[in-house]
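Peer 1: Letter by letter, the chains look like this.
Number of protein chains: 2
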Amino acid sequence: MHIVITGGSGFLGLRLAKALLRDGVNGEPVTTLALVDRAHRADLADPRLRLLAGDIADPGFVSEFLSNPVDILYHLAAVVSSEAESDFDLGMKVNIDASRQLLDACRKLAKVPRVIFTSSVAVFGPLADGESLTDASSVDPRSSYGMEKAVGELLIKDYSRRGFVDGVVLRLPTISVRPGVPNRAASSFASSIIREPLSGQSAICPVDPGTLLWLMSPRAAIRALQKAGALPSSAFTKSRVINLPGITVSVGDMLEALTAIGGPASRALVKIEIDAGVEAIISSWPRGWEDQVARSIGFEADANFGEIVQAFIDDDLDEQRARLALST
Amino acid sequence: MHIVITGGSGFLGLRLAKALLRDGVNGEPVTTLALVDRAHRADLADPRLRLLAGDIADPGFVSEFLSNPVDILYHLAAVVSSEAESDFDLGMKVNIDASRQLLDACRKLAKVPRVIFTSSVAVFGPLADGESLTDASSVDPRSSYGMEKAVGELLIKDYSRRGFVDGVVLRLPTISVRPGVPNRAASSFASSIIREPLSGQSAICPVDPGTLLWLMSPRAAIRALQKAGALPSSAFTKSRVINLPGITVSVGDMLEALTAIGGPASRALVKIEIDAGVEAIISSWPRGWEDQVARSIGFEADANFGEIVQAFIDDDLDEQRARLALST
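So the sequences go chain by chain: A and B.
Just so we're on the same page, my numbering is the position in the first sequence counted from 1, plus 97.
Just so we're on the same page, my numbering is the position in the second sequence counted from 1, plus 97.
Hints were generated in silico from the structure; no laboratory data involved.
Keep in mind the model is a prediction, meaning the values are calculated, not measured.
Check each hint, because a few of them may be wrong.
[Unchecked claim] Straight line, CA to CA, 20 Å or less: simulated PhoX-like cross-link-like pairs of lysine-lysine:
1. B:324 <-> B:335
2. B:335 <-> A:205
3. B:205 <-> A:190
4. B:190 <-> A:190
5. B:115 <-> B:324
[Stated by the list, open to error] The calculated label-pair distances, taken between Cβ atoms and stated as ranges, are:
6. B:393 <-> A:372: 49 to 57 Å
7. B:416 <-> A:205: 45 to 53 Å
8. B:345 <-> A:260: 46 to 54 Å
9. B:208 <-> A:422: 42 to 50 Å
10. B:259 <-> A:376: 42 to 50 Å
11. B:387 <-> A:279: 43 to 51 Å
12. A:260 <-> B:138: 32 to 40 Å
13. B:306 <-> A:305: 53 to 61 Å
[Said to hold, decoys possible] So, partial list: chain B residues that the calculated Cβ filter (under 7 Å) puts toward chain A:
14. 229
15. 233
16. 255
C-beta atoms are modelled at their ideal positions from N, C-alpha and C, and glycine is treated no differently.
This is chain A alone, in the form it adopts within the complex:
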């Protein structure tokens, strides 16, 4: 089993790599696992691991890791939402051109690989009152990031229809609680407002507490990514685009969970300072979707936000604190 993960040194990429090296895929062990990223911060030591640093928009680099057999390509690399909005050309280059480059390299492989592409709530526009998203809902992105992800979805579907790749699109809810540091995703605060206070740091909440988010934990995201690699092609006959199950949580409820678990001192570390730009992007995203197709083939949501916070504490808080101690 040969696996490639782009964005492999991102937090999902690294965590996925560990899970795949540990579990294999459908009982088959991993033979080689290539992590592809601009730079690497590998905290993994495994003889099966290959660390490849370069630009996935560069065809020469892509052919380095997509010329040998590949069973599964996880394409997680992306320019995130706020950055794609502020630097249009960079977003187009990475989110569209590089994705196409990868798909074209996959076309040339002797055996058609499973390609798993992560997409986002950002492909959808704002909903009318009472309207809900279903598996058949129309994409209508209101950000360049959302547009680029929607283009990626169309490419994956057509390349799969033509038999160039065996593609699966996973539309991820916003991932919370991410470990690490804030990034330029508009949704970055959805992790910061829990992660920073639990580590004793202050955080800014740039949206109204009434704002509803559609969330998934890192644990559930990794489970979904592993499942997308393990399911047979026949599972995706109905649709190759999967709205992954999430939970709808208000920012206010998230802050309450923080108080309940971390105490009032943690909650006091979060200041609400509305950022109109972030609020505009976030409020254009859906607060949930029907996820029958995903559930019918075995994808699962988290139970509640309290459990998500507890999982962050169990999985990440020690490392998060250690990193803070190092950087101060």
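We have chain A; now place chain B onto it with these hints.
Peer 2: Quick look at chain B alone, frame taken from chain A:
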């Protein structure tokens, strides 16, 4: 008023050029009109006309005609459905890369131009029984041509949202009756089965007579293209993607109209020989859509198919016969 038409020597492009030179736009006369195509067959003599031959996927060529002021860019050039299916790379190059090239050249213009992009029924997938398409329906292309048009739509919308262009997407029903000769569009027969017999030639109908098509005449298409150039931006606040009104006609009804107008001898020139490849593409297209948005801003459908055939006879049949006489 400076206008550019890509695919300018196609039949719609030439006809649109004549109408614009004659009518102007909102009472403003045309100053220059550039027809852009791989090659030209200009039957127009007008001092305002510029004929530019080249490849719109070539940035150098694009900057030739998109560096001076442009008020309206009609982007009609495309690799058609059957060809985009058989030559994937060509379809991607022209239908996606060249469109993006044009949009990026428009970004650099001092004044934001109106960009009119023609799209197609092919962006939609097959409908369940009793299901109908609305202005909110989800795109779900089942051909590379449809995928490429859907990507073009997403680009036009996001470039417009960012203020790079003032874009309008017109989703055209199948145009019938086209003058000229068959092309590699899967829908080419929808003109052939009328045009050829009325000119005394035989024609093949590659689909079952029960097949339903969603049609628009060349006259209605030209009226719609002119209107898309004339309407203020405010007309497109609700949506920049317009499902143009059409009429639903069965292939059998088309053949009956042929008999009624051309006589049984005309009808006898059409042989039904099912082509599974063509039928697969055509049957994946919708037989109509709700067109409230288009009608609310003044776009109009044809009255019935008999009138469409009569308009072909009035506008094109003499020239069609003359062309045949020359080529034999």
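Peer 1: Could you work out which of the previously given hints the structure breaks and list their numbers from low to high?
Peer 2: Structure breaks hints 2, 6, 8, 9, 10, 14.
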